[in-house]
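There are 2 protein chains.
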Amino acid sequence: MESYSSAKEYLSFLDSRSALPEGFLAATTGIRFTPKERDTAEPLAMNLSLILLEKDTADFAGVFTKNRFPGAPVLMGRERLGRKTIRGVLVNNKISNVCSPGGRQDAERLLSRLSMLIGTEAENLFTASTGIIGWSLPVGEMEAALPELFRKLDSRSILEVARGIMTTDSYPKVRRAAVGKGSIVGIAKGAGMMEPNMATLLCFLCTDVEIPRADLREELSLCVGRTLNRISVDGDQSTSDMALLFSSGRRGPADRAEFRNSLMDVLSGLAADIVRNGEGAGHVIRVRVKGGKDEQTAAAIGKAVLNSPLVKTAIFGNDPNVGRIVSALGDYLGNAGVPLDTATAVIRMGGTEIFSRGAFRLDTAKETALSKYLREAGFDPKTRGFPQNDKTVDIEIDFDGSAHGAVETLGTDLSYEYIRENADYRS
Amino acid sequence: MESYSSAKEYLSFLDSRSALPEGFLAATTGIRFTPKERDTAEPLAMNLSLILLEKDTADFAGVFTKNRFPGAPVLMGRERLGRKTIRGVLVNNKISNVCSPGGRQDAERLLSRLSMLIGTEAENLFTASTGIIGWSLPVGEMEAALPELFRKLDSRSILEVARGIMTTDSYPKVRRAAVGKGSIVGIAKGAGMMEPNMATLLCFLCTDVEIPRADLREELSLCVGRTLNRISVDGDQSTSDMALLFSSGRRGPADRAEFRNSLMDVLSGLAADIVRNGEGAGHVIRVRVKGGKDEQTAAAIGKAVLNSPLVKTAIFGNDPNVGRIVSALGDYLGNAGVPLDTATAVIRMGGTEIFSRGAFRLDTAKETALSKYLREAGFDPKTRGFPQNDKTVDIEIDFDGSAHGAVETLGTDLSYEYIRENADYRS
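If you're matching them up, the sequences are chains P and C in order.
FYI, our numbering numbers position 206 of the first sequence as 206, with every residue one higher than the one before it.
FYI, our numbering numbers position 371 of the second sequence as 371, with every residue one higher than the one before it.
In isolation and in its complexed conformation, chain P is listed as follows:
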C-alpha cells in the first residue's frame, strides 16, 4: 500500500494510472431525481457511467455475487456470459435495482435505448448498479441522459468513471499493470457499507492484450478469489457485487502466467484500496494464516478473526487485547469442526509472539510495545479523500510453526465513525 499527503497528490498519481488501454472508451454524466419511495427534501444525485469497447469482443469474463437476492444487473449479467460477443457496461450509482417491482424491465429499457445509440444489440451490454436496495431506478431521467453520456465517450482516461461509480467511497480507486505489449487497467468502488444499503463491490477491468475467453474466465475467477474475495469490511456480501473483465486484443497476445501476475497485481491493489477506504476504518488489519488444512479454510479462518466485532473494537481502541483474537479463532474452529493443536500453534501480532506452546506469552513490556504498535498503525477514521497511511496491523496465525502456505486476508477495525455512517444516514 502507499500513502499520500494530500488529495491533490493522490489524484495526480491516479491520473498517470488511468490511461485507457487501446480499443476502449469511457464516460460519465450526472442526473438529479426524486425517488418514488421516500419524500426527500432535495432531489438526489446519480451518476451514469459507460465503459465501451470500440468493437464487440468475444473475450470477456464476469464473476457475480452469490447472494440469494441478486439485483437485476446480476441476473442479466449471468445470462450475458453466454453471449457470443459483448460491447461494454452501463453503470449507475445511488440505487442498486435489487428486487424493485419492474426492475428488470427498467434495466432492459435503458440498455435498449443505449444499444441504439451505439449500434449494437441490447443483449451485448452489461449493466451494473450500486446503491439503495429496494428502490426503483429513475428510469425516465436516466434514459434522457443517455445521449449525453454517449457523446462524452473518450478514449483517454478511466478516471472520471472511477469517480462516477463511487457511492460514499471517499476517493476513486484505479490500478494498472503492464502485460505483454499492453496493459490491464482496473477500477473499483465500495465494499465497506459506506451508505445505507451499499455493500456493493463493483470492479471493471480493461485490457488490450489478447487472451481467449476461456483463459480470461479462469484467470478472473482465480485472481478475484485470492484478492477481492479475501477482504472484509463488515462481512456482508451484497446483492450486487460484480467484477467484469474485457479484452480488446489490440496489442496482441500475452503470456498467460504474466497475465495472471499482472491481473493479480491490479486486483490486490484495488482490494487494498477498498479496505483502506472502508467506512469508518481507523486501522487496516492483515491476518496471515499459515499451515491450515487448505487455502479455503485458511481464508475462512482469517475472515472469522477479521469479522469479530471484539477484535475490531479492541484494535480501534489501540488495545492489544490478544485474548480476543484467540477467542474469535477458537470460536470459528469449534463451529467449523476444524482441528487445532494448541500445543504447536503460534500466534503473533506485529511479529511479536503472543501465544505458543499452549499458553499466552504476555508481560507488561510486551503489552506496552503492542499498544504503541497499534497507535502507530492507526489513521483518522474520518477519511480525507486520499489514503493517509500505509501501515497495517499484522496478525499471524501459524498452525504448526512451519511457514508454508500463508493465506492473507485484509479487513478493518470497527469505530464510532462506522456506526455514524451506517446509523445516521436516513434517520
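If you are wondering where the hints come from, they were derived from the structure by calculation, not from laboratory data.
None of the values given here were measured: they were computed from a predicted structure.
Careful, some of the hints might be misleading.
No copy is singled out in the list; a pair is fine if it fits within one copy or between any two copies.
What the hints assert, rightly or not - Okay, derived cross-link-like pairs now, DSBU-like style, lysine-lysine, Cα gap no bigger than 35 Å in a straight line:
| no. | residue 1 | residue 2 |
| --- | --- | --- |
| 1 | K66 | K8 |
| 2 | K181 | K8 |
| 3 | K290 | K36 |
| 4 | K84 | K372 |
Once you've looked at the hints, dock chain C against the given chain P.
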C-alpha cells in the same frame, strides 16, 4: 420480557425469585489483587462465588463452549461429567483462566483447598471463570478468601451469587419456575462482550426435584440449544461458556414434560435478560424464521441476520432499512448453499410486509410507520441497572408464506455505546 421503572423495583422483584431450592447453599465474597501481566493504577476487584449442594448428587448436567481454546474450567468441567457424584461449583469473575501458563494447576489448587473445607473430593467440584483472557488467576489471594466464602454459605437466596458472577452486566439475572413439588432457579451472566475479554456466558441452574442424570442431561442440551444458543450480541462464542444444572432431588420426582417446560421457561427468561442487557444495546431484535429446511438452518438464518453489522446499525439509527435485511439474508443463504424461492418468500418488520412476490413492497407511508415503530422499541444504550423496556423489533422471514415451525433468535443493535465499552477499556 418485562420492564421496570427503577433498579429498586427490579431488585425487589428479583428477591422474590431468588429463594434457593431445597438442598442448596450459596455465597459470594470479594477480593482485591494486582495482576502479574499489567501495571494497574489500583488493585482490581474480583468476586468468588460458591453454589453448593448439601450432599453430593449423581444428578447433574453440563454443557460447554465449542471454542477450540477452552479455558481450564471448561476442560476440567468436561472431565467431571464422568464423575459419579458432584457437590457444586466455584466461580470467579474478572479473569477467565484461559490458556494462561499453569492455569490448570491454579484451578486445581483452589479446588483442593476448598474441598478440604467442605469435606469432599476436589474432583467433585466444578470451577467456572469469566473475565480477561490470557491473564493468570491471583491464586494466592483467592485461596486466602476461601475460608470466608465457606463461612458465608447460606441456604436462603442465590441473588448475591447472581450479582457476584457479573462482569459488566449492569444488573443480576435470576429466573425461577415451579415444577412438581419443587422449583428450578437459574442465574446467568454475560453474553454481550461487556468487558475487554468477556464474551462469556455462565449459567447455573438448581432444582430440588428429582430427575435422573441421563434425563437431566438430555433436557439441558435440548433447552440450552433452543434458548441460550439462539441469542447473539456480537456473534462470538467465548472460551469459557458453560451451563451447569444440579438436582438435589429433595422434593421428589417430577414429570419429565413438565420439567422440560419449566426449564425452558427459566432458560428463555435468562436468554432474554442477557440480550436486553447486552453491551450498548439500544434495541432488542427478534428474528423469526418460518418454514426453512430444518430447525438448525432456521436458527442459523436468524443469527446471520442478527449478526449483520449493517442491519444492527440501521436499527440503532431507527432506520427501517429493509434492503439490508434482505441483503444479509441472501448473503447467508448464498454462502451456505440454502435454496430460497424469492417468489414465495415473505419478509415482515413489525408485522408489516416489506417483501413478497419477488419484490420489495415499500412506500413513503410504510417507511414512516416503520421508523416510528423502531423509535418506540428503542431504549437508552447506557444501561441503568434494570430492564427499561419490554419491546422488541420483530423481523419475520417466511420461506413459503406458511406459518409452520417458527424458530426464534434474539439479538441487539450496534451502537456507539458498544464501541465505547469495547474499545476504551484498557487503552
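Numbered hints the structure breaks, given as an ascending list: Numbers 1, 4, in rising order.
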